[in-house]
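Q: Sequence:
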Amino acid sequence: MTSATAILRRAATFEKLRADADAEQQRLARLLKAHQDTASDARRKLEQLQVYRAEYLERMRALEAQPGRWGEVRGMRAFLLRLDEAIRAQEAEVDRTRAAVDQATGAWTQARQRVMAFDQLSERQREELRALAVQEGRRELQEWSALAATGDGSLSRPAPL
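In our numbering, the protein residues as written are 10 to 170.
Where hints are given, some of them may not hold.
Quick list of in silico lysine to aspartate or glutamate cross-link-like pairs, DMTMM-like style, CA-CA up to 25 angstroms [claimed, not checked]:
| hint | residue 1 | residue 2 |
| --- | --- | --- |
| 1 | LYS54 | GLU102 |
| 2 | LYS54 | GLU100 |
| 3 | LYS54 | GLU94 |
| 4 | LYS25 | ASP128 |
No lab work stands behind these hints: they were computed from the structure.
Take these sequences, add in the hints, and give me the full structure.
A: Written as structure tokens, this is what we have:
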């Protein structure tokens, strides 16, 4: 097997591996986007709960200032406690989705780096092929020069490429 054939086979192998790595990187990019969307929804829900709690707290304070509304105030306090529980649960969900985004980001970054590594390997193979072609050209030129120096006129010039 010639050196050029070996280089071409390696280049073909690297291209196949790069295509596989690129497909994986794209799959991980879609997964990352899904995690980012989920995290964004979780943050938005948390913000809504916090706004809702602030509104209810303001209403409860207004009722506390009115005499004889203690029954309603007590009901609002109980509701605010449930809202606080919901907010804590949503904060945990935000943390969980943030961790999922971080993990997906790391996986996507690694996959992207693999694609870039295969790109570099493929470029090296192309450079080796170019260098081999230059060497072959020089070798042929030296052969023609040697033939011309010996005075053999039967081969006055090389065949066109």
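Q: Against each hint, give a clear statement of whether it holds in the structure.
A: Against the structure, the hints:
1. Our distance criterion of 25 angstroms between C-alpha atoms is met by LYS54 and GLU102, whose separation comes to about 10 angstroms.
2. Of the supplied pair hints, the one linking LYS54 and GLU100 holds, its CA atoms being roughly 10 angstroms apart against a limit of 25 angstroms.
3. The straight-line distance between the Cα atoms of LYS54 and GLU94 is roughly 14 angstroms, inside the 25 angstroms bound, and the hint therefore holds.
4. Only pairs whose Cα atoms come within 25 angstroms are accepted, and LYS25 paired with ASP128 is accepted, the gap being roughly 11 angstroms.
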